[in-house]
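Turn these sequences into a full structure, and let the hints guide you.
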Amino acid sequence: MRILVVEDEQAMADAIALGLTKNGYAVDTVYDGEAAIEAVDVDAYDLVVLDLNLPKVDGLDVCRHIRDNNMSMGILMLTARSSTDDRVTGLDIGADDYLIKPFHFAELLARIRAILRRENKQRDVILREGKLTLNPNNMQVSFDGNPLSLTTKEYGILEYLLVNKGRVISQEELLEHIWDNNADLFSQTVKVHINNLRKKLDSAGADNIIQTIKNKGYLIEGNSSAET
Amino acid sequence: MQKPSEMFPKIDKLRTFRFRLVAWFVGVTTLLVILMMVGIVSALNLTKEQDPPPVIVDRQAWEERLAEQREEYMHDLKFYFTIGSAWVLLIGSAGMYVLSKELLKPIDDVTYLASRISHTNLKERINYRGPNDEIKRMADTFDSMLGRIEESFEQQQEFIQNASHELRTPIAIALTNIEVQEMDETPTVEEYRELTQTIKASLERMNAVNNNLLLLSEGNNPKMSFAPVDINTILNELIRETTNTASKSNITISPELSDKPIIINGDIMMLRQCFFNLIENAIKYNKENGTVTVRSYTDAMNASVIVSDNGIGIPKDALPYIFRRFYRVDKSRSRQKGGSGLGLAIVEKIVSLHGGTIHVESELDKGSSFTVILPIDTVSKN
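Sequence lines, in order, name chains A and B.
The letter at position 171 of the first sequence is residue 171 when you use my numbering, and the numbering goes up by one with no holes.
The letter at position 354 of the second sequence is residue 354 when you use my numbering, and the numbering goes up by one with no holes.
Derived by calculation from the structure, the hints in this document are not laboratory data.
Note that this is a predicted model, so its numbers are computed, not measured.
None of the hints are false.
Computed list of lysine to aspartate or glutamate pairs in EDC-like fashion (alpha-carbon distance at most 16 angstroms, straight line):
id : chain 1 : residue 1 : chain 2 : residue 2
1  : B       : K260      : B       : D299
2  : B       : K123      : B       : E154
3  : A       : K214      : A       : E172
4  : B       : K248      : B       : E288
5  : B       : K123      : B       : D140
6  : A       : K22       : B       : E179
7  : A       : K131      : A       : D144
8  : B       : K123      : B       : E150
9  : A       : K22       : B       : D184
10 : A       : K22       : B       : E191
11 : B       : K316      : B       : D365
12 : A       : K56       : A       : D32
13 : B       : K366      : B       : E288
14 : A       : K22       : B       : E182
15 : A       : K22       : B       : E185
In structure tokens, the structure reads:
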């Protein structure tokens with residue numbers, strides 16, 4: 001999942017970005033409202049962590065811009081303002097949730113997960129496909145009870161495919177949602193990671209969970225997910 | 001809801017008591033006067049009626065009868081006087097009670113309304129509608145007093161909110177950095193070093209905010225040590241210190257200091273901070289390739305320092321507020337430049353502690369010019 005962090009205090013923004021990266025998200029950081037609008041216009045983010053008090057363009061205006069342009073990404077407002085007015089306005093113009101600074105990082109992560117679940121209309125916290133389970137809370141992936149050791153990118157790809165079960169995901173879409181702007185991109189990147197992921201899944205016994213649809217992309221079909 | 005009499009017991013009771021006493025006194029006196037006049041008129045009638053008959057047969061018998069009649073009449077008069085006055089007194093007091101109650105009612109209303117006003121609803125007003133009398137004037141004064149209280153209360157709350165915000169930001173930065181570091185199970189020494197640097201920067205920022213707030217808090221005049229200081233030495237040092245920062249944005253600082261030293265009686269640390277804030281602002285709110293001019297001159301009475309720039313300037317409607325604590329012309333822009341919104345408030349405070357004055361001229365997109373005038377022979381304002 002790809003997250004945009006918009007925060008004018010650089011030390012704060014960088015710490016949030018680092019924390020989110022450590023938790024398997026692809027993160028871009030901008031320090032003012034103008035750059036935030038440019039970023040959401042260009043790239044497909046799953047969620048924006050948005051400080052309200054921003055230079056150039058106010059956070060609330062960024063929020064308005066996102067919703068006015070029918071972008072469906074989740075918005076988590078960060079605010080140090082003690083007045084409830086901003087929070088109420090923010091939620092009313094389309095933000096999904098808010099956190100008051102200073103906050104605990106664990107809470108930020110939990111709220112991000114909750115927003116992403118809502119965004120994907122996903123009730124169950126743990127993603128499943130047959131005997132394969134993926135727990136976003138602790139980044140644990142296991143097959144038939146045996147844990148798999150995946151890299152951050154492999155984890156990201158698997159999570160994205162599981163969340164979008166039944167839909168063919170193109171290489172471009174994976175690049176957009178799993179890699180941040182600083183990534184060194186070339187066409188083989190996705191293929192290499194998919195291959196490594198498949199090898200790990202195969203050796204655990206989960207053969208052919210990820211299908212290749214020629215000239216279109218990748219798919220986790222999701223017919224066997226009926227088991228509960 | 002508190003009863004009005006509980007809210008202002010002294011004022012209420014005292015007023016009521018005095019008012020009623022006067023009303024009673026006036027009422028009873030009037031009645032007694034009326035009664036006496038009735039008695040006198042009757043007595044006069046009696047005397048008239050008792051003119052000696054034209055033919056007196058038995059003078060002694062007539063006089064006896066007259067005395068008897070008089071005694072009888074006096075007895076009657078006493079009786080009626082007692083009954084009458086008791087009756088009148090009763091009716092009079094009842095009337096006076098009702099009357100005084102009626103007269104005091106507007107005060108009661110005002111008191112009741114006043115009792116509803118607390119710090120949580122300072123917006124309430126009595127809005128007394130009635131003739132322009134003592135009570136109306138009292139209610140109006142009360143309303144305008146409430147207005148002033150509300151305003152200062154709001155300012156105070158805003159100040160606390162701003163101060164808390166200024167302190168909360170570095171706390172948030174430190175906390176987030178620590179928590180993100182904690183997620184790493186095997187952090188390197190280098191990562192720890194970075195973390196302690198971030199925390200140190202946050203603590204320094206909090207310390208600076210705290211010191212500034214202390215300096216600015218009203219009624220708290222800081223300790224000052226007055227001694228002769230040379231303004232030009234201070235300015236020269238500051239120019240040297242800030243040249244580096246200025247050159248990063250290609251800004252030139254051009255000093256135009258007077259040839260001779262300008263010695264005034266002042267607190268050197270404070271004056272340094274005062275001029276530092278002015279020069280720093282002139283750099284911060286300048287444009288690329290801009291100039292900051294620092295000028296100093298003196299006459300017999302005053303030392304003057306002018307810090308001017310050809311930067312972004314201050315909008316006209318913002319000018320009256322720039323010395324207010326936490327006022328920011330563009331809050332986002334100056335926050336990005338690391339301002340807390342206290343710089344100019346501190347400058348003004350320091351200047352006034354030295355018995356001086358400061359004024360500003362500014363034009364949007366052309367630049368600003370701050371003139372500080374300090375008396376050479378400063379008397380400590382402490």
